[in-house]
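There are 2 protein chains.
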Amino acid sequence: MNGAESLVHTLLGAGVDTCFANPGTSEMHFVAALDRIPGMRCVLALFEGVASGAADGYARMAGKPAATLLHCGPGLANALANLHNARRANVPMVNCVGDQATYHRPLDAPLTADAEGWARGASAWVRTARHAREVGRDAAVAVQVARTAPGQIATLILPSDTCWEAGGEVAPALPVPAAPAVDALAIEQARRLLRGGERVLLLLGGPALAAAALADAHRIAAATGARLLAPGSNARVARGRGRYPIERIPYPVDAAVAALAGVRHLILVGAREPATFFAYPGKPGRPAPADASVHVLARPEQDAAAALAALAEALDAPAVSPPVSPPPEPARGAIGPEAFAHSLAALLPEQAVVVDESITFGRSFFPLTHAAAPHDWLQLCGGAIGEGLPLATGAAIGAPGRRVVSLQADGSALYTVQALWTQARERLDVTTVLFDNRRYAILQHELAAVGANPGRTALDMLDLGNPDIDWLRIAEGFGVAAARATTMEQFNDLFAQSCLRPGPFLIALAT
Amino acid sequence: MNGAESLVHTLLGAGVDTCFANPGTSEMHFVAALDRIPGMRCVLALFEGVASGAADGYARMAGKPAATLLHCGPGLANALANLHNARRANVPMVNCVGDQATYHRPLDAPLTADAEGWARGASAWVRTARHAREVGRDAAVAVQVARTAPGQIATLILPSDTCWEAGGEVAPALPVPAAPAVDALAIEQARRLLRGGERVLLLLGGPALAAAALADAHRIAAATGARLLAPGSNARVARGRGRYPIERIPYPVDAAVAALAGVRHLILVGAREPATFFAYPGKPGRPAPADASVHVLARPEQDAAAALAALAEALDAPAVSPPVSPPPEPARGAIGPEAFAHSLAALLPEQAVVVDESITFGRSFFPLTHAAAPHDWLQLCGGAIGEGLPLATGAAIGAPGRRVVSLQADGSALYTVQALWTQARERLDVTTVLFDNRRYAILQHELAAVGANPGRTALDMLDLGNPDIDWLRIAEGFGVAAARATTMEQFNDLFAQSCLRPGPFLIALAT
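First to last, the sequence lines map onto chains X and B. To convert, take the position in the first sequence, counting from 1, and add 14; that gives this note's numbering. To convert, take the position in the second sequence, counting from 1, and add 14; that gives this note's numbering.
Among the clues, some could well be false.
[What the hints assert, rightly or not] Think about it this way: if two alpha-carbon atoms lie no more than 25 Å apart in a straight line, the pair counts; the simulated SDA-like pairs of lysine to any residue are:
#1 Lys297/B - Arg300/X
#2 Lys297/B - Ala180/X
#3 Lys297/X - Arg144/B
[Unchecked claim] Taking CB as the label site, the calculated pair distances span:
#4 Pro52/B - Ala463/X: 19 to 27 Å
#5 Pro295/X - Pro516/B: 40 to 48 Å
#6 Asp482/X - Asp477/B: 30 to 38 Å
#7 Arg119/B - Asp122/X: 29 to 37 Å
#8 His145/X - Gly256/B: 51 to 59 Å
#9 Pro120/X - Ala333/B: 37 to 45 Å
#10 Arg119/B - Asp482/X: 33 to 41 Å
#11 Glu212/X - Asp122/B: 22 to 30 Å
[What the hints assert, rightly or not] Far from chain B, by Cβ distances over 12 Å, these chain X residues were calculated:
#12 Arg141
#13 Pro288
#14 His309
#15 Pro381
In case anyone wonders, no lab produced these hints; they're calculated from the structure. Please read all numbers here as calculations on a predicted model, not as lab measurements. Backbone N, C-alpha and C define an ideal beta-carbon position, used for all residues, glycine too.
Could you put together the complete structure from these sequences and hints?
Laid out in structure tokens, this is it:
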């Protein structure tokens with residue numbers, strides 16, 4: 015058995031059975047091993063950022079890591095932006111990066127680069143395999159690290175001779191460390207704060223945004239008057255009819271400050287202390303009031319759902335019913351953010367997976383879609399735009415049988431547009447709604463905040479027109495059927511049809 | 015004056031007047047400064063790898079660095095693969111990377127990443143600005159580093175407050191260090207070797223591949239019987255009628271070994287000691303004979319052209335005339351690599367710039383096009399595929415008035431296909447010939463070398479069909495007119511027409 019074969023067997027034995035791949039010459043022995051050994055679903059990406067973003071989306075829905083297969087330092091570099099996003103989402107992932115043979119590296123051939131150095135900023139664990147006989151063990155550790163709460167990125171660099179040499183040994187799956195137990199003192203402290211009569215806000219992140227955890231959080235809120243809120247960006251939120259709604263901290267600094275005004279105690283439940291996305295002159299970097307006390311009920315790596323359940327019990331908080339709203343109606347007439355949100359709420363299929371990289375156009379979507387059919391809502395967590403299409407691709411593979419609805423701003427879509435081809439090849443049930451506003455709208459807002467009257471140079475740098483991107487041709491060029499909507503009626507029809515037909519579809523929404 | 019304004023003034027004062035940009039929120043003060051201060055040509059890219067590849071192509075033709083404008087660590091990460099290629103091409107470049115404000119970084123907001131760590135593997139120099147008053151000085155050093163022979167990549171990270179704060183000071187351009195003089199002893203040693211009767215090969219790289227340097231190399235070869243060869247990949251080679259032809263070390267290991275067989279003395283002239291691209295079991299990592307002595311006439315950072323001129327003088331080598339070949343004729347009939355090369359040689363316009371990322375289909379292009387009209391030939395130097403379209407984009411901006419002919423493999427094109435839009439927006443005179451073979455042909459060859467009878471999994475990972483990419487739709491979607499050629503006659507007509515009309519055009523060549 016060569017090293018590559020021990021790698022594939024070890025990954026499969028540890029439950030990693032999906033690989034998002036963009037291989038090169040140095041990975042041919044790995045490709046050959048994947049070919050010989052049944053059990054691994056290999057999904058080809060035309061660009062590495064598609065592979066890493068898809069592995070992120072897959073893990074969020076499947077609840078376990080996928081592997082990626084990347085080619086040398088530069089292939090890893092192309093994956094980094096979405097590895098950064100996945101790291102911020104606390105997603106498990108195992109990157110397999112082929113590289114120069116151990117003895118060839120000193121010759122500094124053209125593709126030789128510092129793959130380890132590049133991996134570090136996006137990985138919890140980086141190792142370069144040294145010999146075929148160690149590859150299985152290295153892979154087992156990589157999966158163990160990836161599955162360690164709250165979910166981590168492990169990067170294993172594989173010099174080509176460690177793959178082709180004999181002596182490979184399959185390693186058994188290593189035990190996943192239990193998440194650190196929630197501290198009974200932290201639960202007792204939270205109970206006292208909640209009974210103390212001061213204004214308390216629970217900030218819910220990670221597993222605290224699953225359906226049962228949100229139900230417990232609402233029990234606590236109803237029993238104590240505490241407020242509930244989620245961070246601005248979240249890996250996965252369980253939403254829709256019969257579930258318990260939660261709002262998020264808004265993106266604009268002033269709105270974020272307003273949302274947290276008056277809070278005396280901020281209790282973190284699987285979330286980190288919130289910071290604004292960027293600094294602005296004269297504005298605070300933390301949206302919470304300066305005099306608010308910050309407490310931790312559960313750190314991101316702890317079981318926030320168990321913590322909420324224990325806290326609800328400690329408070330003797332009775333169960334509460336989820337809110338009942340009238341069934342939403344699709345909007346008619348002109349296209350706009352609120353009209354779109356109403357149609358989405360009305361037409362979203364049961365158990366849809368919504369991937370939201372809608373940026374400025376979508377800021378009102380979340381509060382207006384609580385009454386949609388039950389669904390999961392996935393966001394870009396690291397702010398590196400260009401993850402939406404890959405995330406939707408991976409989510410569809412991680413959640414077969416569920417329609418993925420990919421809400422996608424045009425500027426962001428252009429970073430990793432190649433994901434459409436993988437959706438076509440794998441015949442994934444993804445409806446992409448492309449908000450075609452032909453500009454970096456968020457940057458136009460930011461520039462307006464900076465100085466007056468932008469001139470030609472600035473406008474050209476924030477404008478995606480001249481020439482306009484023809485999204486129907488782009489989608490069809492990658493094999494995805496597409497149509498354009500210029501009214502809400504057209505959108506409603508196209509969207510409903512797309513959810514009934516198998517495979518991907520793109521709706522270019524003129525906004 | 016704020017820091018951003020001092021940055022723009024300093025760059026312009028140091029001769030950097032072109033910026034390939036993909037800005038974000040943290041760069042808005044830089045964008046505003048570019049808007050207020052005339053003189054900088056700003057070229058928008060839809061993806062950062064387009065910006066860095068274009069800056070590479072620009073520098074190769076303009077002979078001076080461009081700036082890039084990138085957004086935070088992940089924006090830099092997206093640029094890394096083509097920064098790696100540019101580093102291998104010894105190209106000057108100044109990267110300006112916006113980042114979190116100095117005081118905001120400790121809050122670890124979502125887009126916070128280790129930009130410095132990622133920059134290092136692709137940069138000769140990395141600095142994070144600390145205060146607005148130092149930004150001008152930092153920028154002047156960055157340009158100085160970039161222009162230091164043989165051409166280097168300098169990365170300046172700019173926390174947003176260093177751009178928006180007052181106190182900016184314009185720094186004067188710093189002197190560019192003279193290249194280390196060529197050693198007279200090295201010239202004398204080379205002269206003796208060349209007169210010594212043993213088999214000598216001059217390996218010419220970098221500035222030794224300019225027209226006058228190649229003329230001197232041919233004087234030397236004619237006078238001494240020495241052989242001449244260039245590395246497999248080169249930043250820029252002066253070629254065509256009236257110039258002196260040079261062949262390259264072939265890519266396949268066996269062919270490379272055969273090309274260097276019998277060499278007793280290998281003299282490096284602006285080139286590094288050759289290594290094979292990858293290691294293969296049982297094959298050598300260096301193609302030169304194990305018993306060959308390696309000598310250095312000029313290191314990459316020395317003036318290899320001056321070294322050749324001095325050596326030719328020391329040898330009293332008489333001038334030789336360039337070879338005269340009959341004018342090539344365009345091919346007719348079926349499409350194939352040799353037919354294509356004949357048509358290219360016949361139809362290439364005077365002073366064209368050829369960008370070659372043709373990979374497997376193009377291996378015979380170089381030897382068959384020596385008799386084309388005078389042109390420059392540019393290649394990907396770091397092996398990270400996905401630089402061709404950006405390189406062509408930047409070369410067109412760096413060499414106005416010259417037709418750029420972009421020879422592009424389909425698999426590689428898909429990494430940075432967004433470059434087509436920048437070509438359309440800037441109305442660049444680029445003819446892209448897209449070799450549409452619907453597979454990673456190089457990897458199919460490599461896999462065949464590894465094991466027998468690839469199965470479905472392996473084939474799917476190396477195949478770009480299912481669905482086929484529709485290159486006409488993709489090009490037109492990005493605003494570039496396009497047509498398909500299925501015979502050489504069709505290609506000849508389309509190519510000739512494209513060279514007469516302004517702006518970009520794409521020919522999908524069914525191969």
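Practice prompt. Mind listing which of the numbered hints don't hold for this structure, in increasing order?
Written response: 1 and 13
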